[in-house]
Amino acid sequence: MTDTKAQNYRLEGGLIERDTPVSFTFDGKSYSGFQGDTLASALMANGQRLLGRSFKYHRPRGLISAGSEEPNALMEIGTGAYREPNTRATVQELYPDLIARSQNAWPSLKFDALGGNDLISNFLTAGFYYKTFMWPRAFWEKLYEPIIRRAAGLGRLSMAPDPDTYDKGFLHCDLLIIGAGPSGLIAALTAARAGARIILADEDFRLGGRLNSEIEELGGALASDWAKSTIAELESHPNVRLMTRTTVLGAFDHGVFSVVERVNDHRLPSDRQSVPRQTLWNITARRSLLCAGAIERMIAFSNNDRPGILQAGAMRAYANRWSAAAGKSVAIFTNNDDGHRTARDLMAKGVHIAAVIDLREGAPKSDSYPVMSGAQVVDTKGRLGLREISVRRSDGAVERISCDALGVSGGWNPNVSLTCHQRGRPIWRDDIAAFVPGNALPFGMAVCGAANGDFSTFKALESGARAALSALETLGITAKKPELPTAEDTPTAIHPLWFVSEGKGRKWLDFQNDVTVKDVKLSHQEGFRSVEHLKRYTTLGMATDQGKTANLGGLAVMAELTGQSISQTGTTMFRPPYTPVAIGALAARSVAENFKPTRLPPSHHWAERRGAVFVEVGQWLRAQWFPLPGETHWRASVDREVKAVRASVGVCDVSTLGKIDVQGTDAATFLNRIYANGFAKLPVGKTRYGVMLREDGIVMDDGTAARLAEDHFVVTTTTANAGAVYRHMEFVRQCLCPDLDVQLISTTDAWAQYAVAGPNARKLLEKIVDPSVDLSNDGFPFMACAKITICGGVRARLFRISFSGELAYEIAVPARYGDALMDVLMDAGQEFDVTPYGTEALGVLRIEKGHAAGNELNGQTSAAMLGMGRMVSSKKDSIGAVLSRRSGLSAEDGLRLVGFEPLDNDAVLPAGSHLFTQGTTPSGQSDQGWLTSSAFSPHLGKNIALGFLKGGDHRTGETVTVANPLEKQSVQARVVSPHFVDPEGGRLRV
Amino acid sequence: MSNYSLTAKTAFAEPIGTPLQIGAYALTECANLALVSISARKGQSLETRKALSDILGQTCDVSELCEGEKYSAFWSGPDQWFVMQSQTDDIDLEAELSGNFSGMASLSEQSDGWVGFDLEGPECGLVLERLCNVDQSSLHSGRVQRTIVEHIGAFVLCRAQGRSYRLLCGRSFAVSFQHAVETAMKTVAAP
Chain B
6 MTDTKAQNYR LEGGLIERDT PVSFTFDGKS YSGFQGDTLA SALMANGQRL
56 LGRSFKYHRP RGLISAGSEE PNALMEIGTG AYREPNTRAT VQELYPDLIA
106 RSQNAWPSLK FDALGGNDLI SNFLTAGFYY KTFMWPRAFW EKLYEPIIRR
156 AAGLGRLSMA PDPDTYDKGF LHCDLLIIGA GPSGLIAALT AARAGARIIL
206 ADEDFRLGGR LNSEIEELGG ALASDWAKST IAELESHPNV RLMTRTTVLG
256 AFDHGVFSVV ERVNDHRLPS DRQSVPRQTL WNITARRSLL CAGAIERMIA
306 FSNNDRPGIL QAGAMRAYAN RWSAAAGKSV AIFTNNDDGH RTARDLMAKG
356 VHIAAVIDLR EGAPKSDSYP VMSGAQVVDT KGRLGLREIS VRRSDGAVER
406 ISCDALGVSG GWNPNVSLTC HQRGRPIWRD DIAAFVPGNA LPFGMAVCGA
456 ANGDFSTFKA LESGARAALS ALETLGITAK KPELPTAEDT PTAIHPLWFV
506 SEGKGRKWLD FQNDVTVKDV KLSHQEGFRS VEHLKRYTTL GMATDQGKTA
556 NLGGLAVMAE LTGQSISQTG TTMFRPPYTP VAIGALAARS VAENFKPTRL
606 PPSHHWAERR GAVFVEVGQW LRAQWFPLPG ETHWRASVDR EVKAVRASVG
656 VCDVSTLGKI DVQGTDAATF LNRIYANGFA KLPVGKTRYG VMLREDGIVM
706 DDGTAARLAE DHFVVTTTTA NAGAVYRHME FVRQCLCPDL DVQLISTTDA
756 WAQYAVAGPN ARKLLEKIVD PSVDLSNDGF PFMACAKITI CGGVRARLFR
806 ISFSGELAYE IAVPARYGDA LMDVLMDAGQ EFDVTPYGTE ALGVLRIEKG
856 HAAGNELNGQ TSAAMLGMGR MVSSKKDSIG AVLSRRSGLS AEDGLRLVGF
906 EPLDNDAVLP AGSHLFTQGT TPSGQSDQGW LTSSAFSPHL GKNIALGFLK
956 GGDHRTGETV TVANPLEKQS VQARVVSPHF VDPEGGRLRV
Chain E
721 MSNYSLTAKT AFAEPIGTPL QIGAYALTEC ANLALVSISA RKGQSLETRK
771 ALSDILGQTC DVSELCEGEK YSAFWSGPDQ WFVMQSQTDD IDLEAELSGN
821 FSGMASLSEQ SDGWVGFDLE GPECGLVLER LCNVDQSSLH SGRVQRTIVE
871 HIGAFVLCRA QGRSYRLLCG RSFAVSFQHA VETAMKTVAA P
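These protein sequence lines are chains B and E, in that order.
Residues in the first sequence are numbered consecutively from 6, following the working numbering.
Residues in the second sequence are numbered consecutively from 721, following the working numbering.
Looking at chain E on its own, in the form it has when it is part of the complex:
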């Protein structure tokens, strides 16, 4: 047995995410967000969708975000989805789900590839419109959009239109990304 142990830290080198509250807007880093990408193998599209809807309890179509009890998922490209699970401990979500998709899809662990931020507030759209070129009138609750935020590739997941969004960016970008969102929040919240 090794005499050493490793402690998990956020992209900000903190034990847990530090929430930001600016005016009516809150930005919270989702600590311990487990993520796995699922890509259907050739000719296995229908089977993969079926397996996915089995674990979600609902289907997850193009540009959709489906939040289930244990797992949530969003569409990320043709025949490709990200499955999310929020939990407190480090789990190997890829290993946990691989049995469900055996032979029909390729799974890649993405838990530490992406950082999730929950943006909440009464008129979040005013913050988002300064960050990404997304027509928010058509980004309804349960929709997802891949986009660019401040030159950073990102996913915008709409949980409640105008009020609650989850933003995902690559982990190495997290500090710059949060700075951009924070700047927009400050501008919008200013008197």
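Extracted from the complex, chain B is given alone in its bound form:
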């Protein structure tokens, strides 16, 4: 804190809180400012003109603007993981102990080693990279790109995860007002008094827009005081939501806006408490008013990029709002009346005005400072900051003027960006030499104030009130026009000037991307004449500022070169986001384990207590296996679980399978259309395996349907397709079969459903079902289903179905009993060494049995491929049946699901490997199919696999080559039946 510089450039007055000094550091040096300062205004008050180095040439750069359009003053804010690069100093509020660093300079801002790029700038013009780093090709990724990226960096990322939290939300309103300047405030007042629900959003931390930056009177009061009292009234209306520090990023369909609120960027991370740093709001507005104001444009002339050269209007804002002087001796270069206001205001604050250089002959005269009519700035001097300007006077002589700041006013561009997010195109107005919003605006939007080219304060007020009235009228809300305060109403008097032709130095158009007038000329010369090509060839208008201060200059130069009007030349497309937005804000709460919701099956907490290893299956978290002490490898656990099922009994939570309740008098008819195989005659109390096809004949899903009553089925889907199958069935019900009496509803979460599988499954279940339930093979045969009670009256559903190939049941109880049922099954099953098993063992068991699952039902397989061609009934019509008979899908020599065993018992058959006839050279042409699923079978003591093989059902016994060329693997395998265990199915039926 010893190095604190005095605020030598601080003026009197302004809207800063002088009672609250704020200390901060910039590049390691301590400075002091006040509450109400931005980082930019505080640095200006301390006389710090040099704030950064340019992107490409590492030119010394300072402030250009006082708002979010800033191209130059990009800073790294904060330290460690909190460090945020590319923060515009002009919108960063000053807070105690803020730490800011300049970017793109090494070892220091004053002595930047890469400043040498500037000396070889002739070689670094537009297209340089494209032309130079073409050869040799291999060098691009490993050599050229890393070097270029290092040299041309903006800020540095911390490379650590963002430690801040972010939030999101949804708001609705009658009227969204974007921008709280004069037009926005009066519009808000009009709507607020009428009782409309309004949101007034402004990116600044102080509402009022330009009113806070001008020494003007509104209704006899100082402009900023009028703003203050208007805001006070707005705050008193309960139907008004004022949102400061809030940027509308994009205008989307149907009046939806994406909006970021910087809740906490004006506090140190340690002072943010638990409140999110930023909130991304999705605002649905019935109507919106764009009151986003205008951005002043620069004029390009030789060496117009020195620190100390900035927008005249920004200079005025710094003086009036933040009482900071851009220099001790200031010159102004203007082509319109607005530049003179800056001279007037700075003069009034005691700043010396060296000269006002006005392009126009007959510029307004002044008694207080010299005005040079018909003159132009042709060059500047000062390596790290402006020292002198050269002016070509109207009499032809060149005059050198000493000054340390130059305000430039080339006119004002209405801020039309948001009007173009739905592909609207702005239109050119000659009288103000600017683009204004076109007619194709986003839904419900109107534009007023300076954003619509109404530049005087009075016109802004008038258009704001008028636009609010018309918007409210379309909503059927009656409003009264408020009395407008008297205000400045100067007409725009401008003589357009885009660049000064005289002068050999570079004339900068885009400060952020180091694009000059010469680059645009080169682009034209090389045939890139459309504005979109110009942008991509020169990078004009790219990067964090998106050319807010640069675009019009660039296209005006192009217009001149092509001999077209600016109107004909047009603008590039404005796209969201309006200003840069942290990726964290877009992610909001959806990060890390909260990236997506997690579904937990009913036995989850039980499995946690049991020490299960979990796996993500879509949204579900399922137990993958249950390791026992001493098991050091997953295979040990899985092999044990598989063997236990085959030898005695195991329990697996299969609640994740989709359950759809199908009811109605036509329920059977409905399912008969949904499933390819017959369902109409399924008796009550029976379950049937079914295959459903898509309209194109490809298999959509498989599963079972159990008939609990004449008019009641429970359809089971695969876990992965639960949502898709339900959607498909609703579509069929509502759109294809509206005449049927069918009701559908998902009951997936309502039931805890466990597979109880293995030779002792019946003995185990007999211990828990109520005595009235007959589980004998005759009383409850294979594929039976029933509503039963267990454990003394708890209602349950029992299905005798098997995925493992063993005697097996699935028992379902209301999910609230799921946790307890696991305990009961383990307790009752002790005498059978009952074993809980996870998805991995489930997978091994089904591969051993040859059941198709997700790997096989991948949206490319037909019923014939799965060996289920004959299940597609020819006796009825069902969805997809006709197209499944296409020759390509049903050819005899088509792909068929078969099993594979390696000739060498120790060999592994990797899933995904492709199959080739022995002796052929593996290639795309000789490809015979591929392996879909593979596992180590504890039952067979070796690896086995399922796969699709051309004509596979006729090739049993053949040896094929299983090739994995990527890993240079090749294994010989024998084609076998896919049913490795109990192919006759005897075990299921005992």
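Misleading hints may appear alongside valid ones.
To be verified - Here are the simulated BS3-like pairs of lysine-lysine, each with C-alpha atoms no more than 25 Å apart in a straight line: (1) Lys-729(E) to Lys-772(B); (2) Lys-601(B) to Lys-906(E); (3) Lys-233(B) to Lys-354(B); (4) Lys-762(E) to Lys-686(B).
Said to hold, decoys possible - Cβ-to-Cβ under 7 Å is the rule here; a few derived chain B residues that face chain E: (5) Leu-159; (6) His-610; (7) Thr-752; (8) Ile-773.
Quick caveat, the hints were computed from the structure, so don't treat them as lab data.
From the three backbone atoms N, C-alpha and C, an ideal C-beta is built for every residue, glycine too.
Given the coordinates of chain B, assemble chain E onto it according to the supplied hints.
Leaving out everything else, chain E in the frame of chain B:
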């Protein structure tokens, strides 16, 4: 008689719901909420509405929540309603009501398909606006809205506008769902 018995647990594997109090906001899992979905059979829409209003003592129209003495109900889709009953023991609400809708509607037990959370506090809207894209100015007391909360399908039942809501989500989502609501409550309640 089986030697074993089953104990009901919440979606959080607890015997009863644990209320969360954060600042002025309270979130309480409704334990033992019995639910049944009722879908009118083809051509039985009017009869089903009549039967429903008989058990509720009032009609339950589109997007409405009707809280009666014994049963409450809310509209959940065209010709479809959910009937709720809060009680202390596990009851088979489907069996209890099936007689009232015999031949006119399909009933499905949903008691364990959904978890209900009661969100209460002086300005609950501030919590809800961070969770779901619902225009709360039109979600009056006695209205219901099906929506998405943190990528989770949900019902928002407005019991007292701005002060009291019941949120329903699928049981398997309950832990994630509660976490989302809790996060929003903390953000809003922060000083």
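What are the numbers of the hints that this structure violates, sorted from low to high? When the structure is compared with the hints, only number 5 turns out to be violated.
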